[in-house]
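Peer 1: Going down the list, the protein sequences come from chains A and B. If you count by my numbering, then the first sequence holds residues 137 to 405, one letter each, in order. If you count by my numbering, then the second sequence holds residues 3 to 536, one letter each, in order.
Think of the hints as simulated: they come from the structure by calculation, not from any bench. Just so we're clear, the structure is a prediction, and the values are computed from it rather than from any experiment. The beta-carbon is built from N, C-alpha and C at its ideal position, and this holds for glycine as well. Take the hints with a grain of salt, since some may be wrong.
Mimicking EDC-like on lysine to aspartate or glutamate, the simulated pairs with C-alpha atoms at most 20 Å apart in a straight line are [as the list claims (entries may be wrong)]: (1) A:K204 with B:E352; (2) A:K316 with A:E271; (3) A:K263 with B:E73; (4) A:K313 with A:D270; (5) A:K313 with A:D247; (6) A:K267 with A:D306; (7) A:K316 with A:D285; (8) A:K316 with A:E172; (9) A:K316 with A:E348; (10) A:K316 with A:D370; (11) A:K267 with A:D285; (12) A:K206 with B:E352; (13) A:K369 with B:D159; (14) A:K204 with B:E424; (15) A:K263 with A:D304; (16) A:K244 with A:E354; (17) A:K289 with A:D299; (18) A:K289 with B:D111; (19) A:K204 with B:E504; (20) A:K313 with A:E382; (21) A:K244 with A:D299; (22) A:K313 with A:D252; (23) A:K369 with B:E73; (24) A:K369 with A:D285; (25) A:K201 with B:E352; (26) A:K313 with A:D391; (27) A:K206 with B:E504.
Derived list of chain B stretches under chain A, where covered just means 3 residues or more per stretch with a C-beta under 8 Å from a C-beta of chain A [said to hold, decoys possible]: (28) 212-220; (29) 439-452.
The chain contents come next:
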Amino acid sequence: MIRKSFLSLMGLLATGAAQADWALNMPRGVTELSAETYDLHMMVFWWCVAIGIVVFGVMIISLIKHRKSKGATPATFTHSMTAEIVWTAIPVVILLIMAVPAAETMVKLEDSRDPDISIVVTAYQWKWHYKYQDEDIAFYSSLARPSMDARRKQSGVDPNAVDNYLLDVDRPVVVPKGAKVRLLLTSNDVVHSWWVPDLAIKKDAVPGIVNETWFRAEETGTYRGQCAELCGKDHGYMPIVVEVVEPDAYQAWVDTRKNGDVAVANAAK
Amino acid sequence: MSSTVADALDHEHDDHGPTKGIGRWLFSTNHKDIGTMYLIFSLTMFFIGGAMAMVIRSELAVPGLQFVHPEFFNSMTTMHALIMVFGAVMPAFVGLANWMIPLMIGAPDMALPRMNNWSFWILPVAFGILLSTLLMPGGAPASGWTMYPPLVLQTGDAFPFLIFSVHLMGISSIMGAINVIVTIINMRAPDMSLLKMPMFVWMWLITAYLLIAVMPVLAGAVTMLLTDQFFGTSFFLAAGGGDPVMFQHIFWFFGHPEVYIMILPAFGVVSEIIPTFSRKKLFGHDSMVYAGSSIAFLSFIVWAHHMFTVGMPLTGQMFFMFATMLIAVPTGVKVFNWVATMWRGAMTFETPMLFSLGFVFLFTIGGFSGLMLAIAPADIQYHDTYFVVAHFHYVLVPGSVFAIMAGAYYWLPKWTGHMYNETLGKAHFWLSTIFVNLTFFPMHFLGLAGMPRRIPDYSTQFADFNTIASIGAFGFGLSQLIFVWIVVTAWRGEKATDRVWEGSHGLEWTVPSPAPWHTFTTPPKARIAQEAFE
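Please model the entire structure based on the sequences and the hints provided.
Peer 2: Here it is as C-alpha cells:
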C-alpha cells in the first residue's frame, strides 16, 4: 500500500517535471557519442568561463580603480611585446587542449562502417520517409493528428493541452537498443536536416546526395527531434520520433509491421 | 590650443557652400552629406528591420500560431536578416567611413566623390525593390537570407527582384569599398604613414579589401540561381547534374568574410573611443593592425564551419574546425589590447564609452559561443538552433550595433556642433544593455534544449524563455526610440568645443565643430596636430 502510493506520488512528480520540462543545457543523450559531445561542450564552456573570469575580472578591477573620479592619472605605456606574445601563446595552448578530444570524437562520428541496421531516410516537404533496408519495411512519418489540429492559426486549441505538441508523429522510427543504426539520408525536394538531440545526430538530407550518419542508442525510450534546416512553410512541423526498444520488442515490431503491411496490401486489393 | 591648430589648418572656404534644396542631397559629392545620408538611411532600415523582428517575436511569444501564417513568418526572418545586414549595419559603417575617414587622414573629401554619390543612391533603390516584394504574388522571399537552393527557387514572383536587389547592394558595397581604399592609400596627410593611421581607418581599409574580394562571389552565386531558375542551367539542381551543396560553399565563402565586414569597423570604432575616455593611447597599435589583418586572412579559410552537418569528408571537417578555432587568437589579442588600454588609465563614462565597454563585454560573450561553435562535434548539436541565433545576435547587436551607437554618440558633437543630452544617452545605453541580454541570453538555453531556428511555433517546453526573449525584444526596440529623440534634439544642446572630449586625439578634432562643409583643402601636418593634444 505504502509502496503503491509512493509509486503514484513518484508518477505525479514525474508528470509535474514533464510539464515544467524546460532545460538549460544540452542533453547528455543516450549514445556514447552524445555523451562525448556533451563532455566536449562542457569542457569548452568551462574554459570560456575561466577565460571570462580572468578577462572580465581584470577589466572590472580597472573600471573600478582607474577612473578619473578616483583621481587616477593615466599611465603612458603604449605597447609591450612580452604581453602580446604571452596573450597569443596562452590561447594557442588552450586551443590545442580543446582540439585533441574534439578531433577524436569527430573521427568516431564519421565511422559508420559495419552497421547492424540501415535505414534510408528520405525527406519530403514536409514529412519523413523511412525504409528499413533489410526488412522490407517502409513508411512515411508525419506530424501527429492532435498537433496538426492545434497548430493552425488561432485554432482555439491550447498547445499545452496537446501531448508533445509539435514533437509527435503518426509513425515513429523503431530501433533496437544497442544496435548500430546507420542512416542513409537524402531528399526528394529541398534541403532538410535530420536531428535528434538525445542521439547527437544532425545530418542534412540533400537532393541528389546520399549522406551517412549513425548512432547506437544505449537506453530504451522515446527520443524526439525536428527538421533543422529551413525547408519551406511547414519547416516547423516535421518532427522526428525515434523509439528505442529492447531487441526482442524490435523483432516483434518488425513482424507486425510486415504482417500489417501485407494486411493493408491485401485490403487494398 | 586645438583651436589654434584648427585655424591654421582651415582656410575658410565658405564661398562655395552647399546648394539649397533637394539638389544638395540628390547630386551631392560631399563626403559629409553623403555620410549623413548613409547614416539616416541605415537608421531607417534599422527600424524597418526591427519592426520585422517585432513580428517574429510577437508570434514566438507564446506557443501556438496567433498572428501570422508560417510562410509570412519565414518572409519576416528572411527580410529581417537581409535588411539588417545589408541595409542597417553595412551602410552605417559606410556612413561613418564617409564622414570620418577624410577627417581622420586629413583629406578634403573621398577620392571618388561622384562614385560616392552613386554608391549611396543605389541603396534606396535596392531596398525599395526588396521591400516591394512584400506586396508581390507568392510573398516576399522566405528561404532565409542564406538563399539556399532548391528552396529559394520556390520563391514566387519575388525571386528575380530578390536577385536584382542583392546585385545592387553588392554594386553599392564594391563602389564604396573602392572609394575607401583609394582614399586611404592616396589622400593621407603627407606625414601620416600607414602604421600611423588611426585604428578606425585601418580596420576600414581591411574591411574594404574584404568587400572587394567577396561581394563579386555573392553576385556570382545569386546569378547562378537566376540562370538555374530562368535559363535552364543546373548549377545547383541535382536533377540536371548540379550540386545544391556547391551553393552553400560559394555563399559562405562570401558569408564568412561578410560577418567580419560587419565587425572589423566596429573594432575600429571602439579602438578610437576607449583610448579617448581612458585618456591613454591605444595599447599595442601595431599588434591591433596585425590582429585585424590575421582575422581578415582567416575569414577566407573557415567558411565551411557553417556546414558541418552537410556531409563533408572527415579531413575537410578537421581543417575547418582547426582554422576556425585559430580565429580566437587574433580576436583575443584585440580584447586583451582594449583591456590593457583601460588599465591604469583615467576613465570617465560618457555614453560613447559606455557603449564601447558594453561592446567589449558582450562581444566577448558572443566570441565565447563562437569558440564553442567551432568545435565540430558540438556544432552538430548547436547547428541551426537558437544557440546559433543567440551567438550571432550577440556579435551583431551588442557587437556591431553597439559600436555604431558608440561611434554616433562620439562624433555627433563634431557633426552637429552641439552636445547631445548625456542623461538620455546613458538611459539609452542602460536600457539597451538590459533588454539586449534579456532578448538574446535565453536563446542560448533554447538552442541547447533543442529548439531549431526559423520555426514559427514550438513545443511547449520552450515557452518560458521565448516569452522572456519577446519581452526583451520589445523593450530593446522601444529603447531605440530614445536614440532617435537624442539625435533629433541634438541641435538644441550646448555648443561643442572643437576637441569635444577631454581625451580626444587625431585630426578630426582639429577642425571646428560642426565640421565645416569643406575641410583640409590643404593637407595638414598630422604630427603637429597629434602633438597639440599631448
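Peer 1: Check the structure against each numbered hint from earlier and tell me which ones fail, lowest number first.
Peer 2: 7, 10, 11, 18, 21, 28
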